[in-house]
Each structure stands twice: as structure tokens, then as C-alpha cells.
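**Q** Protein sequences appear in the order of chains U and P. Numbering of the first sequence is given in this note's numbering, commencing with residue 1 and proceeding in unit increments. Numbering of the second sequence is given in this note's numbering, commencing with residue 1001 and proceeding in unit increments.
In case anyone wonders, no lab produced these hints; they're calculated from the structure. Quick caveat: nothing in here was measured; it's all calculated off a predicted structure. Where is the CB? At the ideal position from N, CA and C, for every residue including glycine. Any given hint might turn out to be false.
[To be verified] To be clear about the criterion: a stretch of chain U counts as covered by chain P if any three or more of its residues have a C-beta under 8 Å from a C-beta of chain P, and this derived list gives those stretches:
(1) 54–62
(2) 91–102
[Unchecked claim] Examples of chain P residues lying across from chain U (beta carbon under 8 Å, computed):
(3) Arg1119
(4) Tyr1126
(5) Asp1128
(6) Tyr1179
(7) Cys1294
[Stated by the list, open to error] Simulated restraints on C-beta separations:
(8) P/Gly1345 - U/Trp50: 49 to 59 Å
(9) P/Gly1269 - U/Thr12: 44 to 54 Å
(10) P/Asn1066 - U/Glu20: 12 to 22 Å
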Amino acid sequence: MSPSAKPLPEITPESRPFWEACRRHELLIQRCRACGAAQYYPRGVCAHCWSADLAWEPSRGRGTVYTYTVTHRSQAAGFKDELPYVLAWVELAEGLQVLTNLVECDPGHVAIGMPVEVTFEDVTPELSIPRFRPTARPGDAGGGDAVLPR
Amino acid sequence: MPTGALIAGVHEFPERKTARSALEIQALAARAALEDAGLALKDVDGYFTAAGSGGLGPLPVLDYLNLHPRYVDGTTIGGASFVAHVHHAAAAIAQGRCRVALVTYGSTPRSQGIAVGTRGRTAGDYLDQFEAIYGTSTVGLYALVAQRHIHEYGTTGAQLAAVAVACRRHAGRNPVAFYRDPITIEDVLRSPMISSPLHLLDCCVITDGGGAVVVVHPDLARDLAKRPVAVLAATEAVAHTAAGKRDYLVSAAAQTGPRALGEAGVRHGDVDLAMIYDSFTITVLVTLEDLGFCPKGEGGRFVEDGRLGPGGALPINTDGGGLSSNHPGMRGIFLVIEAVRQLRGECGERQVPKARLAVVHGTGGALGTRHSGATLVLART
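Required output: the full structure, derived from the provided sequences and hints.
**A** Next comes the structure, spelled out in C-alpha cells:
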């Protein structure tokens, strides 16, 4: 078992490139070579035209909070010790929504529209999980009110 | 065009915590609903449920009930399932595939101590590797929509709470409702936060329960024990993550509502009561908007003046709903049962005067990721 009691992704051949990239701290999205549409989550066919000719491309890992919830009570395995934690839909700059957690911020200061960037938690030697944190680098657009130094 | 199908009998299992099994609940409810219809066990030739188990769908229930139908449907799309079953039963009857369709449901999460709403998902299905790993819960996935609604339209916690207050007022008139004591908006807002912005009293109760519905061919109308209720329209739809581009404020009801009212040939103003799946207060707000009872974004203002409560212009969930009466995990069947009882004028203290037309809308799954919607328009005959 992993050191985390949280559920871990069960990686399948169709999702393996995604998770291998996460291990390198890269967030991948898929783009269809047939129709040009992008998609998230990754899958074996293009969700727009069902072509199987899909390319993996890196996302910049930047986006904004589309919506969120601060979870105060949950039976979700592995998350009880983390209450309150933030579940969110983040909209990537590439226009795709990603379900995720917001981390490295005060849950009380999260807001819709807040700029965020991907960060990876190395859960096991083989597995890293993408989450998002407030964008912190100087010169970045926006500048949420929950920026923490790191 | 009306479906032609009639709802001939209904029964709701009255206990909210029981020592009986889910199968026993369904057997007792099936017997009572057939009796209500004036039909017999031997008449049943179609069977519908989402309450099966073990990957075998309805098979265990059919075995327990010792039924041999010529039409079987185990459609499972969450809480909307049993509303969808009425749709499917009406279609099967219209095609001559069956004449007496039995729909049953039974579940015992309360006596089993399962926390339906806050229970996490295990990472097993393909999609869970992108979702369950983040600590998703049913409440949380609805809260995502509530938060966005507040952001987009200025909806307030007090407006969400008004839905819970209205349902509790109805529940006070239902002798078998789980919670019957009145609550105020302040009570809702002061109740513990579960997943912001949803408080405990924005969430449905967890009870045991079950019920049965009998849908029949119009030819049987004269043989029935009571005046049947007409299924004027029946529709269903889904909404999901849509490859990563979704307006989470628009639910499947935006598709089913216009279709159902169009099929039935009725206007919103004709509707005497609505049974709106109330897993959470936000579910009702979004559903009322998408069904077209008010413009998109106006849900908060629409519900805050007591319109949904007893004596209001659009009473909803007159049994008290999932927020106050019962919610054993999937409550679509109770929406149908209560609407039928109201249209037959059997609801005593909670009866909506002269109820002739009801809209029933079930929601299943989670608004914040993927869900189903099923709408019926039911009428007195």
C-alpha cells in the first residue's frame, strides 16, 4: 500500500502517458489530429469526433478557478485528516476544465476567478498527482489574494 | 403527444428506519401498489427497477418477487431512475411490449449506517482516477454548482435555505415525514457547514424507504380500482463533463423541461404542483430555472417569497421531499407516488386544492460532474 490512505489512480494503458507526464511534473492534455479539438480528461478517442488519432500536448498548467467548495465534512477515504480541503474545477488557459484540489492556500481566501497554477504532489516514487495553487510568480497576470510565498 | 399510459396504483413504504430488507420493502410495496390499482400479481408483465445488485440489475428482485415478466428494464441513472422507468414503461406499453408495468424500489442506508451524501468514492472506475482522488463527495459535487450560482447570479445562502424551509413546511403536514418540526432560514444558515456553501440543512436526509408504481395500458382504465392518472409526457436527458467544456449551471432539465411541456401541450402557468428532486437545495433552484418556471439566474428570487410552500403559487415536494421526508439514496419513485396521490386528491392535510396537473423531475448522479434528468407531466383523468 502507498503511504497515503487516499484513493490512488488506477492507471490503464489509455491514461498511462498522462500519469507518466505527471511523474515528470508535466500536465498533458489531448488534441485530436483529425478535428483539432482538445479534451480533458484523457481517453482513447476524441470526444468530439471519436477519432482515435490523438496527440498528447503539454498544458501551461495555468488557469483560473471556475468554481470550488470548501469541504468541512466528508467520509472520503484519506481526506478526513485534511479537513477543510478545497475541491475545485479549474479552467485551464487552454479552455479545458480540470477537477482538482486547491492547495497551498487558506481555504477561506479562495475565490472564483482566482489565477492558479499546477503543482504536483509526489505521492509514491511512481506517482505524482496534479493539484493547483494560487499563482505566485511575479509578473503573472491576475494575482489572487491568497498568494503564499514558497 | 401524450404517451397514453396511465398510472393505476402507487404505494410508499411508510417506515424511515426499518429492520426489513430492501427486497422485503419492495415486495410489500409492490403488493400494496397492485392492490391500490385493483390488479393482481398475475397481471404484471413488465418490470422496472434500479434497485438490483451484484451487476445483475433487476434479477435478484425478480427472483425474490417470483415474477416472470415479458419486459424487463434495469436502467440505473441515479435518483432519476424511477422517473425514467415511467418513461420507459409508457414507451413499452405503447409498443405493445407489456400492459401492466411494475416499478419498485427499496433501500436501507439508514439502518445500514451509510452516509450517502458525504461518502467518498473509491478509485476503481476509469473516471475515478481523475476525480475520486481529489476527495469528491456527493454534497461537494453539488456544492460546486451552488458556489458558481452564487458567483454568477448573486444568489444568497438565505435563498437556498428558503427551499429547505418550504419543504419542511410541507413535511409538517405529512405524518410519515422524517423531520416535521418547522425550521427557519436562520436555522439552515446556522446548521453546520458540510461543503461550502451547503449547510447540513441544505442536504437531504438519509432514511430507509421504498415504494412501487403500476403503469398500465389505457385499455385497462375501466378495470382499475381508482381513477388513474395520465402520463401526458415523459422525457429524459443527461449532462456531463463534455470533454472539459461545460456550463455547470445548466442541468439536464434544460433539455427535458421544454420537451415535456411541449409533448404535454401545457404551459408553466397550468401546473398545480411540482415534484422536484431535492437532493440539495441548489438542485431545486437550478431545476426550476431549467424547467422554465423562472428565467435562468432568477431561481433565488423565485423561491424566496414562499411560493414553493403550502398555499404558494407553485407548491413543490408536498411530501416534504428528500430534504425532510425521506431519501434512501435514489428518491425518484417518491416524486411519482406523491404526484399521483395529489392528483387523486388523497393527501389530506397537505392536499393541494384542485390539483389537476403535476410536473415531476428527477435528478440522478451529481450536478457538478455528470447527472441524468427525467421529467414527467402527469394529469388527473
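**Q** All the hints need checking, so say for each whether the structure fits it.
**A** Here's how the hints hold up against the structure:
| no. | hint | result |
| --- | --- | --- |
| 1 | 54–62 | violated (count 0) |
| 2 | 91–102 | holds (count 7) |
| 3 | Arg1119 | holds (5 Å) |
| 4 | Tyr1126 | holds (7 Å) |
| 5 | Asp1128 | holds (7 Å) |
| 6 | Tyr1179 | violated (19 Å) |
| 7 | Cys1294 | violated (22 Å) |
| 8 | P/Gly1345 - U/Trp50: 49 to 59 Å | holds (51 Å) |
| 9 | P/Gly1269 - U/Thr12: 44 to 54 Å | holds (52 Å) |
| 10 | P/Asn1066 - U/Glu20: 12 to 22 Å | violated (53 Å) |
Checked against the numbered hints given earlier, this structure breaks hints 1, 6, 7, 10; the rest are met.
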